[in-house]
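There are 2 protein chains.
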Amino acid sequence: MVAELSQLRDKIDAVDKQMVALLAERLALVAQVGEVKSQHGLPIYAPDREAAMLASRRDEAAQQGVPPDLIEDILRRTMRESYASENDSGFKCLNPELRPIVIVGGKGQLGKLFAKLFTLSGYDVRILGSQDWDRADEILDGAGMVVVTVPIHLTDGVIRRLGNLPADCILADLTSIKSEPLQAMLEVHQGPVVGLHPMFGPDISSLAKQVIIYCDGRNPESYQWLLEQFQIWGASIERVSAIEHDQGMTLIQALRHFTSFVYGVHLAEEDPRLEQLLAMSSPIYRLELAMVGRLFAQDGSLYGDIIMSSPQNIAMIKRFHQRFGQAIALLENQDKAGFKQAFDQVETWFGDFAGRFLKESQGLLRQANDATHRG
Amino acid sequence: MVAELSQLRDKIDAVDKQMVALLAERLALVAQVGEVKSQHGLPIYAPDREAAMLASRRDEAAQQGVPPDLIEDILRRTMRESYASENDSGFKCLNPELRPIVIVGGKGQLGKLFAKLFTLSGYDVRILGSQDWDRADEILDGAGMVVVTVPIHLTDGVIRRLGNLPADCILADLTSIKSEPLQAMLEVHQGPVVGLHPMFGPDISSLAKQVIIYCDGRNPESYQWLLEQFQIWGASIERVSAIEHDQGMTLIQALRHFTSFVYGVHLAEEDPRLEQLLAMSSPIYRLELAMVGRLFAQDGSLYGDIIMSSPQNIAMIKRFHQRFGQAIALLENQDKAGFKQAFDQVETWFGDFAGRFLKESQGLLRQANDATHRG
Numbered sequence: 373m374v375a376e377l378s379q380l381r382d383k384i385d386a387v388d389k390q391m392v393a394l395l396a397e398r399l400a401l402v403a404q405v406g407e408v409k410s411q412h413g414l415p416i417y418a419p420d421r422e423a424a425m426l427a428s429r430r431d432e433a434a435q436q437g438v439p440p441d442l443i444e445d446i447l448r449r450t451m452r453e454s455y456a457s458e459n460d461s462g463f464k465c466l467n468p469e470l471r472p473i474v475i476v477g478g479k480g481q482l483g484k485l486f487a488k489l490f491t492l493s494g495y496d497v498r499i500l501g502s503q504d505w506d507r508a509d510e511i512l513d514g515a516g517m518v519v520v521t522v523p524i525h526l527t528d529g530v531i532r533r534l535g536n537l538p539a540d541c542i543l544a545d546l547t548s549i550k551s552e553p554l555q556a557m558l559e560v561h562q563g564p565v566v567g568l569h570p571m572f573g574p575d576i577s578s579l580a581k582q583v584i585i586y587c588d589g590r591n592p593e594s595y596q597w598l599l600e601q602f603q604i605w606g607a608s609i610e611r612v613s614a615i616e617h618d619q620g621m622t623l624i625q626a627l628r629h630f631t632s633f634v635y636g637v638h639l640a641e642e643d644p645r646l647e648q649l650l651a652m653s654s655p656i657y658r659l660e661l662a663m664v665g666r667l668f669a670q671d672g673s674l675y676g677d678i679i680m681s682s683p684q685n686i687a688m689i690k691r692f693h694q695r696f697g698q699a700i701a702l703l704e705n706q707d708k709a710g711f712k713q714a715f716d717q718v719e720t721w722f723g724d725f726a727g728r729f730l731k732e733s734q735g736l737l738r739q740a741n742d743a744t745h746r747g
Numbered sequence: 373m374v375a376e377l378s379q380l381r382d383k384i385d386a387v388d389k390q391m392v393a394l395l396a397e398r399l400a401l402v403a404q405v406g407e408v409k410s411q412h413g414l415p416i417y418a419p420d421r422e423a424a425m426l427a428s429r430r431d432e433a434a435q436q437g438v439p440p441d442l443i444e445d446i447l448r449r450t451m452r453e454s455y456a457s458e459n460d461s462g463f464k465c466l467n468p469e470l471r472p473i474v475i476v477g478g479k480g481q482l483g484k485l486f487a488k489l490f491t492l493s494g495y496d497v498r499i500l501g502s503q504d505w506d507r508a509d510e511i512l513d514g515a516g517m518v519v520v521t522v523p524i525h526l527t528d529g530v531i532r533r534l535g536n537l538p539a540d541c542i543l544a545d546l547t548s549i550k551s552e553p554l555q556a557m558l559e560v561h562q563g564p565v566v567g568l569h570p571m572f573g574p575d576i577s578s579l580a581k582q583v584i585i586y587c588d589g590r591n592p593e594s595y596q597w598l599l600e601q602f603q604i605w606g607a608s609i610e611r612v613s614a615i616e617h618d619q620g621m622t623l624i625q626a627l628r629h630f631t632s633f634v635y636g637v638h639l640a641e642e643d644p645r646l647e648q649l650l651a652m653s654s655p656i657y658r659l660e661l662a663m664v665g666r667l668f669a670q671d672g673s674l675y676g677d678i679i680m681s682s683p684q685n686i687a688m689i690k691r692f693h694q695r696f697g698q699a700i701a702l703l704e705n706q707d708k709a710g711f712k713q714a715f716d717q718v719e720t721w722f723g724d725f726a727g728r729f730l731k732e733s734q735g736l737l738r739q740a741n742d743a744t745h746r747g
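Protein sequences, first through last, are from chains D and B. Residues 373 to 747, numbered by the working numbering, are exactly what the first sequence covers, in order. Residues 373 to 747, numbered by the working numbering, are exactly what the second sequence covers, in order.
In case anyone wonders, no lab produced these hints; they're calculated from the structure. Don't take each hint at face value.
Since copy identity is lost for identical chains, a pair holds within one copy or between any two.
Unchecked claim - Taking lysine-lysine pairs in the BS3-like style, the calculated list, with each CA pair at most 25 Å apart, reads: (1) 488 / 464; (2) 479 / 712; (3) 479 / 731; (4) 389 / 731; (5) 464 / 484; (6) 731 / 484; (7) 708 / 479; (8) 731 / 488; (9) 383 / 479; (10) 731 / 712; (11) 479 / 690.
Could you put the whole structure together from the sequences, leaning on the hints where they help?
The structure is reproduced here in structure tokens:
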């Protein structure tokens with residue numbers, strides 16, 4: 373048996389070596405595609421082309437008896453690597469005539485990421501860090517675009533110091549709230565204004581498939597190139613009003629972060645042994661623990677700022693808390709019929725999305741479990 | 373440019389075709405390994421062998437300029453497919469002398485899964501469905517093992533009907549609570565007893581890397597073969613006391629399910645446009661929406677049963693609700709220092725796990741985002 377197994381394993385080793393060589397070849401070829409795209413200013417991520425390519429690979433796989441989902445997952449994973457490496461070849465500059473871009477807060481993580489991407493695209497980038505305000509006039513002199521990316525509680529004050537920009541300068545911010553900064557920018561500057569919210573952290577490997585929300589401020593025709601530049605970097609752009617944005621973020625950010633925070637507090641007070649909890653976990657609970665735990669490896673002040681950035685957020689959190697209390701009444705009365713009725717109403721509200729989410733999460737939970745024993 | 377791109381794309385197509393062929397070859401080789409393992413009764417999942425194999429593949433990849441994480445992710449994904457297909461070749465039977473296995477509730481989803489796995493392992497499996505109680509004596513006659521897998525609220529009653537089993541018959545259950553069923557089984561049957569809780573749903577593709585919790589009841593030496601059989605199927609087994617189990621499940625199941633339920637109720641009442649919410653989402657919020665939404669594609673009564681199965685669950689949920697309310701006070705007082713202090717305490721409680729979870733979740737969130745535009 374040992375001989376038989378070791379012979380088979382040698383063959384598997386040989387197959388895997390060929391697979392590594394093929395991957396190296398594929399990454400090199402896609403890098404060449406990236407260079408051609410970059411020269412001609414094509415977006416690094418083309419959803420339709422990607423979907424068509426994957427569909428034909430699935431067909432080929434099925435013909436060879438390879439599960440189509442397997443090849444799709446492998447290619448998606450491989451493409452991510454390619455997207456990440458496109459940063460290396462740089463991006464086409466869509467507005468080569470633009471005067472310098474000043475990133476206010478360019479020494480923060482998100483500021484650094486955007487500074488890098490603008491530089492890779494051939495723009496002249498200047499940084500105005502918190503220690504540089506004595507030289508602010510000099511740094512801002514002749515700016516073509518100013519991007520504000522400072523902690524939320526400082527944003528308004530920083531924007532108010534930008535009253536002397538050239539009339540045609542674009543003023544933008546990356547804050548995770550939009551109504552107030554947009555209002556402040558419109559008040560302080562008479563030229564083009566746009567509010568931006570990148571829906572990702574600074575630790576992403578590329579902008580491919582990441583979302584940047586934008587809220588029009590003034591003279592949108594002056595910053596269309598910027599939105600196209602984001603798409604060349606691979607991002608999806610999403611236009612919403614500042615009010616819709618801030619409403620959405622009460623759920624997407626404030627309630628989410630706060631619930632994770634409270635769950636962390638709750639766990640620390642209940643004080644279960646984490647090792648044992650993990651050993652007993654289902655894949656979905658393990659995922660939940662990871663999503664809560666990751667919060668506490670990050671900056672608490674940042675999350676406090678985001679959650680407390682508007683009374684709307686606090687009102688949303690209080691409504692959730694109230695509904696939580698009402699639902700507890702169902703449990704205390706052992707009201708299984710009431711529970712089922714509420715459950716069914718929510719099922720109806722989700723409509724087709726419930727089934728879609730079940731399918732989507734199944735793949736993800738399996739991927740999470742694949743990696744469970746990773747060292 | 374078009375000619376240049378289409379030439380490169382042809383080359384990529386050719387590479388991908390070779391990749392599909394290699395995958396077909398690899399799956400076939402691993403299937404042969406599976407057959408050898410099955411003949412000799414080796415577990416389909418061998419953590420040490422897998423870790424060693426992955427480590428050497430990572431080295432080889434690095435030497436060829438291929439990111440090690442890429443080959444590791446691809447191989448993990450491919451191995452999952454292999455684990456799933458090992459079901460086809462059957463499993464070694466570790467207790468060929470065992471008299472018939474009766475699965476009480478064997479027409480439910482989980483019952484069907486275990487019936488299938490026992491049958492694939494060469495056991496004689498009989499089903500006692502809810503309609504079969506008039507023939508129960510006949511079906512249970514001479515049973516070597518009886519496995520109870522019925523809805524929680526019926527479990528106790530069903531166990532109480534099993535008072536006439538052969539003295540050496542193993543009595544087991546798969547209920548998601550353990551203290552009460554274990555107690556009932558010990559009272560009703562004088563032979564070997566074991567409580568089991570499979571920490572996965574019936575939709576898994578294989579038991580590889582899935583957890584089965586077991587709580588010793590009586591005569592553990594009689595059911596060691598069963599625990600080994602689970603491992604041959606690929607599962608990790610985890611021994612805990614019934615009390616520890618039920619305590620863990622107040623967090624792992626009751627609070628988790630209930631929070632998702634309330635979040636669904638909250639969303640339905642807030643009534644945001646789901647399409648727009650998804651378009652604006654960060655990868656982590658999209659994941660959260662999917663994890664909540666998936667609940668409502670499933671059976672509401674089942675979740676109600678699990679949550680209301682013990683007063684401990686309700687007490688845990690109430691403590692969480694109370695802490696949630698206390699934390700809201702921080703927000704209402706704009707107490708950023710208090711928030712930061714609580715945050716830091718939780719960070720300390722998580723210890724090394726916070727960073728570990730951050731790293732683990734990063735990979736998962738990237739995988740989630742890879743698939744974002746999947747049709």
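Verification of the supplied hints:
no., hint, in the structure
1, 488 / 464, "within (14 Å within a copy, 57 Å between copies)"
2, 479 / 712, "between (52 Å within a copy, 23 Å between copies)"
3, 479 / 731, "between (41 Å within a copy, 23 Å between copies)"
4, 389 / 731, "neither (33 Å within a copy, 27 Å between copies)"
5, 464 / 484, "within (19 Å within a copy, 57 Å between copies)"
6, 731 / 484, "between (37 Å within a copy, 21 Å between copies)"
7, 708 / 479, "between (55 Å within a copy, 24 Å between copies)"
8, 731 / 488, "between (37 Å within a copy, 23 Å between copies)"
9, 383 / 479, "neither (51 Å within a copy, 42 Å between copies)"
10, 731 / 712, "within (22 Å within a copy, 38 Å between copies)"
11, 479 / 690, "neither (36 Å within a copy, 44 Å between copies)"
Hint compliance for this structure: hints 4, 9, 11 are not met, and every other hint is.
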